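**Q** Top line first, the protein sequences correspond to chains A and B. Sequence positions in the first sequence follow this note's numbering and run 2 to 108. Sequence positions in the second sequence follow this note's numbering and run 2 to 225.
Wrong hints could be hidden among the right ones.
What the hints assert, rightly or not - Straight-line Cα separation of at most 27 Å, BS3-like style, residue types lysine-lysine; simulated pairs:
1) K77(B) with K65(B)
2) K15(B) with K65(A)
3) K40(B) with K29(B)
4) K40(B) with K67(A)
5) K40(B) with K92(A)
6) K164(B) with K29(B)
7) K92(A) with K34(B)
8) K185(B) with K29(B)
9) K50(B) with K4(A)
10) K67(A) with K32(B)
11) K67(A) with K77(B)
12) K50(B) with K92(A)
13) K92(A) with K164(B)
14) K108(B) with K42(A)
15) K92(A) with K16(B)
16) K190(B) with K164(B)
17) K108(B) with K67(A)
18) K77(B) with K40(B)
19) K65(A) with K65(B)
20) K62(B) with K58(A)
21) K65(A) with K164(B)
22) K4(A) with K62(B)
23) K58(A) with K50(B)
24) K92(A) with K32(B)
25) K185(B) with K16(B)
26) K62(B) with K50(B)
27) K164(B) with K185(B)
28) K97(B) with K4(A)
29) K16(B) with K188(B)
30) K97(B) with K42(A)
Calculated directly from the structure, the hints in this document are not laboratory data. Nothing here was measured: the structure is a model prediction, and the numbers come from that model.
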Amino acid sequence: MYKIGIIGERDSVLGFMALGFSVHEAADVGEAEKLLHTLVKSGEYAVIFIVENYAVKLEEDIAKYKDLPLPAITVIPGVMGGNGYGMANIKTAVERAVGADILFKND
Amino acid sequence: MAEIRVNPTRMELKKLQGRYTMARRGHKLLKDKRDELMKRFLDVVREDKELRERVEASLDKVYKSFSVAGAVGSPKMLEEALICPKKEGSLEVGYKNLMSVTVPEFKMQVIGDNATESINYGMAFTSGELDTSLRELNSLLEDILRMAELEKTAQLLAEEIEKTRRRVNALEYIMMPQYLDAIKSIKMKLDENDRGNTTRLMKVKDMMLKAQLEQKDEEEEEEE
Numbered sequence: 002m003y004k005i006g007i008i009g010e011r012d013s014v015l016g017f018m019a020l021g022f023s024v025h026e027a028a029d030v031g032e033a034e035k036l037l038h039t040l041v042k043s044g045e046y047a048v049i050f051i052v053e054n055y056a057v058k059l060e061e062d063i064a065k066y067k068d069l070p071l072p073a074i075t076v077i078p079g080v081m082g083g084n085g086y087g088m089a090n091i092k093t094a095v096e097r098a099v100g101a102d103i104l105f106k107n108d
Numbered sequence: 002m003a004e005i006r007v008n009p010t011r012m013e014l015k016k017l018q019g020r021y022t023m024a025r026r027g028h029k030l031l032k033d034k035r036d037e038l039m040k041r042f043l044d045v046v047r048e049d050k051e052l053r054e055r056v057e058a059s060l061d062k063v064y065k066s067f068s069v070a071g072a073v074g075s076p077k078m079l080e081e082a083l084i085c086p087k088k089e090g091s092l093e094v095g096y097k098n099l100m101s102v103t104v105p106e107f108k109m110q111v112i113g114d115n116a117t118e119s120i121n122y123g124m125a126f127t128s129g130e131l132d133t134s135l136r137e138l139n140s141l142l143e144d145i146l147r148m149a150e151l152e153k154t155a156q157l158l159a160e161e162i163e164k165t166r167r168r169v170n171a172l173e174y175i176m177m178p179q180y181l182d183a184i185k186s187i188k189m190k191l192d193e194n195d196r197g198n199t200t201r202l203m204k205v206k207d208m209m210l211k212a213q214l215e216q217k218d219e220e221e222e223e224e225e
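Let's have the full structure, built from the sequences with the hints guiding it.
**A** Put into structure tokens, the structure is as follows:
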């Protein structure tokens with residue numbers, strides 16, 4: 002049995018408490034980074050959601066865990082609104098696999 | 002391109018030919034694998050893209066109604082209402098084998114009573130906006146987990162495709178031409194040796210014939 006973690010600033014993550022997620026508040030990027038590593042290392046989390054504005058700055062840290070089957074680190078937009086980083090991630094995956102972007106060329 | 006240096010012997014030739022056939026078979030198989038992986042990957046990514054668009058739009062709405070709820074009540078009320086959730090979510094993880102790539106499958110299990118309803122606070126001090134936003138967030142749960150699953154799958158597949166593509170290319174553009182070159186050079190060397198042998202034999206035969214003829218001539222002269 003695994004837990005679902007969510008890392009983000011207070012306003013973004015508060016609501017997820019009611020869903021039964023294990024909520025971790027981070028006031029700044031440094032804190033989010035520390036939290037991310039602790040959560041992954043604990044091995045208790047299968048899914049870790051992280052809000053976009055932190056994820057952008059923690060790109061390298063997230064990339065480290067990209068090729069492991071668990072945990073799945075997924076980016077969600079925060080309360081400030083999305084900046085398209087999550088979509089950009091899909092785009093990168095496509096580019097990595099196909100060698101060229103074939104899904105988003107119309108955007 | 003660095004070529005393979007080998008002794009030009011028939012044994013080496015046989016070995017190289019075997020390796021070449023193996024490489025060609027492997028290349029064909031890997032190419033098929035790559036194509037199939039690509040097909041699956043694109044399916045996953047398309048679904049993921051759609052899902053993400055939907056989830057992002059709904060999340061935006063949820064956040065908005067949350068801020069309204071926070072504004073109508075006090076932020077403290079919001080926190081108090083949410084701080085001790087009635088249910089605890091846990092995730093069951095299954096694994097699926099997708100073209101020899103192990104991908105996770107998530108299934109949310111909710112522990113706690115009243116599992117479908119996520120409202121865990123008294124109605125007296127909270128606003129109706131909070132109820133709506135929580136209900137909406139709750140309905141989003143399945144989508145958001147599916148999205149996490151798809152995104153992980155896409156990442157893992159992308160890695161596998163990249164690996165397979167490298168292998169296919171290495172076989173196609175490095176290994177196979179190298180083997181072919183080596184095979185060709187051995188064949189040429191062997192043929193050259195063969196020709197050398199034949200000419201030598203012809204020459205020896207000529208010499209022997211000549212010697213025999215001369216001997217015959219001498220014998221005839223002696224008889225006379």
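**Q** Hint by hint, note whether the structure agrees.
**A** Status of the hints after comparison with the structure:
| no. | hint | in the structure |
| --- | --- | --- |
| 1 | K77(B) with K65(B) | holds, 17 Å |
| 2 | K15(B) with K65(A) | violated, 45 Å |
| 3 | K40(B) with K29(B) | holds, 17 Å |
| 4 | K40(B) with K67(A) | holds, 21 Å |
| 5 | K40(B) with K92(A) | holds, 16 Å |
| 6 | K164(B) with K29(B) | holds, 15 Å |
| 7 | K92(A) with K34(B) | holds, 22 Å |
| 8 | K185(B) with K29(B) | holds, 22 Å |
| 9 | K50(B) with K4(A) | holds, 25 Å |
| 10 | K67(A) with K32(B) | holds, 25 Å |
| 11 | K67(A) with K77(B) | violated, 37 Å |
| 12 | K50(B) with K92(A) | holds, 9 Å |
| 13 | K92(A) with K164(B) | holds, 18 Å |
| 14 | K108(B) with K42(A) | holds, 22 Å |
| 15 | K92(A) with K16(B) | violated, 45 Å |
| 16 | K190(B) with K164(B) | violated, 37 Å |
| 17 | K108(B) with K67(A) | holds, 21 Å |
| 18 | K77(B) with K40(B) | violated, 50 Å |
| 19 | K65(A) with K65(B) | violated, 33 Å |
| 20 | K62(B) with K58(A) | holds, 25 Å |
| 21 | K65(A) with K164(B) | holds, 17 Å |
| 22 | K4(A) with K62(B) | holds, 26 Å |
| 23 | K58(A) with K50(B) | holds, 22 Å |
| 24 | K92(A) with K32(B) | holds, 23 Å |
| 25 | K185(B) with K16(B) | holds, 13 Å |
| 26 | K62(B) with K50(B) | holds, 19 Å |
| 27 | K164(B) with K185(B) | violated, 30 Å |
| 28 | K97(B) with K4(A) | holds, 19 Å |
| 29 | K16(B) with K188(B) | holds, 13 Å |
| 30 | K97(B) with K42(A) | holds, 23 Å |
The structure does not agree with the numbered hints 2, 11, 15, 16, 18, 19 and 27 stated previously, though it agrees with the rest.
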